[in-house]
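Student: Each chain, written out:
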Amino acid sequence: DIQMTQSPSSLSASVGDTVTIACQASQDISNHLNWYQQKPGKAPKLLIYDTFHLETGVPSRFSGRGSGTSFTFTISSLQPEDFATYFCQQYEDLPPTFGPGTKVDI
Amino acid sequence: EGQLVESGGGLVQPGGSLRLSCVASGITFTGYAMSWVRQAQGMGPQWVSSISARSSGIYYTDSVKGRFTISRDNFKDILYLQMNNLTVEDAAVYYCARLPRQSAAMSGWFAPWGQGTLVTVSS
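Here the protein sequences line up with chains R and B, keeping their order. Throughout the first sequence, residue numbering follows my numbering, covering 4 to 109 in sequence. Throughout the second sequence, residue numbering follows my numbering, covering 121 to 243 in sequence.
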């Protein structure tokens with residue numbers, strides 16, 4: 004199975020800050036990398052698919068980049084509703100696997 | 121707005137069985153592969169199983185092979201997960217989610233997700 008790691012595991016930020024989360028795959032996954040946001044007690048929500056494509060309705064302050072094994076996810080000008088946990092997920096190969104998550108709090 | 125709604129979770133003893141259901145309403149169900157994804161408390165999500173749009177392709181994570189069975193009813197827009205011989209390691213919130221294409225082989229991204237149903241395995 005392809006292992007996904009994320010860093011940091013948690014971070015503290017303020018409204019208006021720019022935050023960046025890193026995601027590393029254990030092998031080349033091309034651009035087959037997605038990002039999700041999860042708030043407590045809720046299901047994950049797709050934000051970005053195929054490394055950098057924004058899901059419909061997702062604000063443009065969210066962005067992603069990378070390829071191969073190294074990826075980043077950035078939130079520009081953090082808003083109050085962005086405090087949540089973020090997961091990366093690869094689908095280069097079955098089984099699709101998720102990272103352990105990065106919690107963004109105040 | 122369309123949604124997926126899971127049901128069927130609950131408390132079961134080790135070795136017991138449960139059948140989860142996921143009803144799609146207001147979203148296109150037929151024509152898309154579907155998946156079950158679970159999430160244990162404090163952990164990242166874990167993919168469990170996927171089924172292609174016409175049920176021709178079915179895939180499971182290794183830990184549930186031989187114990188879980190995924191199926192779908194394209195007339196009723198319902199996805200199922202029959203879970204047998206449950207262990208404490210199966211305890212989690214189980215979500216159904218749609219994949220972006222007919223085939224489940226290459227997976228893709230999961231969207232939308234249901235609200236989840238909690239499975240507790242304890243004696």
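These aren't lab readings, by the way, just hints derived from the structure by calculation. Be aware that a few hints might be false.
To be verified - With beta-carbon atoms standing in for the labels, derived distance ranges:
| no. | chain 1 | residue 1 | chain 2 | residue 2 | range |
| --- | --- | --- | --- | --- | --- |
| 1 | B | 133 | R | 63 | 19 to 27 angstroms |
| 2 | B | 145 | R | 80 | 31 to 39 angstroms |
| 3 | R | 75 | B | 145 | 13 to 21 angstroms |
| 4 | R | 61 | B | 145 | 19 to 27 angstroms |
| 5 | R | 109 | B | 161 | 18 to 26 angstroms |
| 6 | R | 77 | B | 128 | 17 to 25 angstroms |
| 7 | B | 130 | R | 21 | 22 to 30 angstroms |
| 8 | R | 45 | B | 145 | 36 to 44 angstroms |
| 9 | B | 128 | R | 11 | 48 to 56 angstroms |
| 10 | R | 75 | B | 162 | 19 to 27 angstroms |
| 11 | R | 17 | B | 127 | 13 to 21 angstroms |
Ideal Cβ placement from N, Cα and C applies to all residues, glycine included.
Student: None of the hints should be skipped; say for each whether it holds.
Tutor: Comparing the hints with the structure gives:
At about 50 angstroms, the beta-carbon gap between residue 133 of chain B and residue 63 of chain R misses the expected band of 19 to 27 angstroms. A beta carbon spacing of about 36 angstroms between residue 145 of chain B and residue 80 of chain R agrees with the range 31 to 39 angstroms that was offered as a hint. Checked against the hint of 13 to 21 angstroms, the C-beta distance between residue 75 of chain R and residue 145 of chain B comes to roughly 37 angstroms, which is inconsistent with it. Range check, residue 61 of chain R to residue 145 of chain B: Cβ separation about 23 angstroms, and the 19 to 27 angstroms hint holds.
Hint check: residue 109 of chain R to residue 161 of chain B, Cβ distance near 23 angstroms, so the stated range 18 to 26 angstroms holds. Roughly 39 angstroms separates the CB atoms of residue 77 of chain R and residue 128 of chain B, a value that falls outside the hinted 17 to 25 angstroms. Against the hinted window of 22 to 30 angstroms, the Cβ-Cβ separation of residue 130 of chain B and residue 21 of chain R comes to about 44 angstroms, which falls outside the hint. Taking the beta carbon of each, residue 45 of chain R and residue 145 of chain B are about 19 angstroms apart, not inside 36 to 44 angstroms as hinted.
Look at residue 128 of chain B against residue 11 of chain R: about 37 angstroms separates their beta carbons, and that is not inside 48 to 56 angstroms. In this structure the supplied range 19 to 27 angstroms holds for residue 75 of chain R paired with residue 162 of chain B, their Cβ-Cβ distance being about 25 angstroms. Restraint check, residue 17 of chain R to residue 127 of chain B: a C-beta distance of roughly 40 angstroms breaks the suggested window 13 to 21 angstroms.
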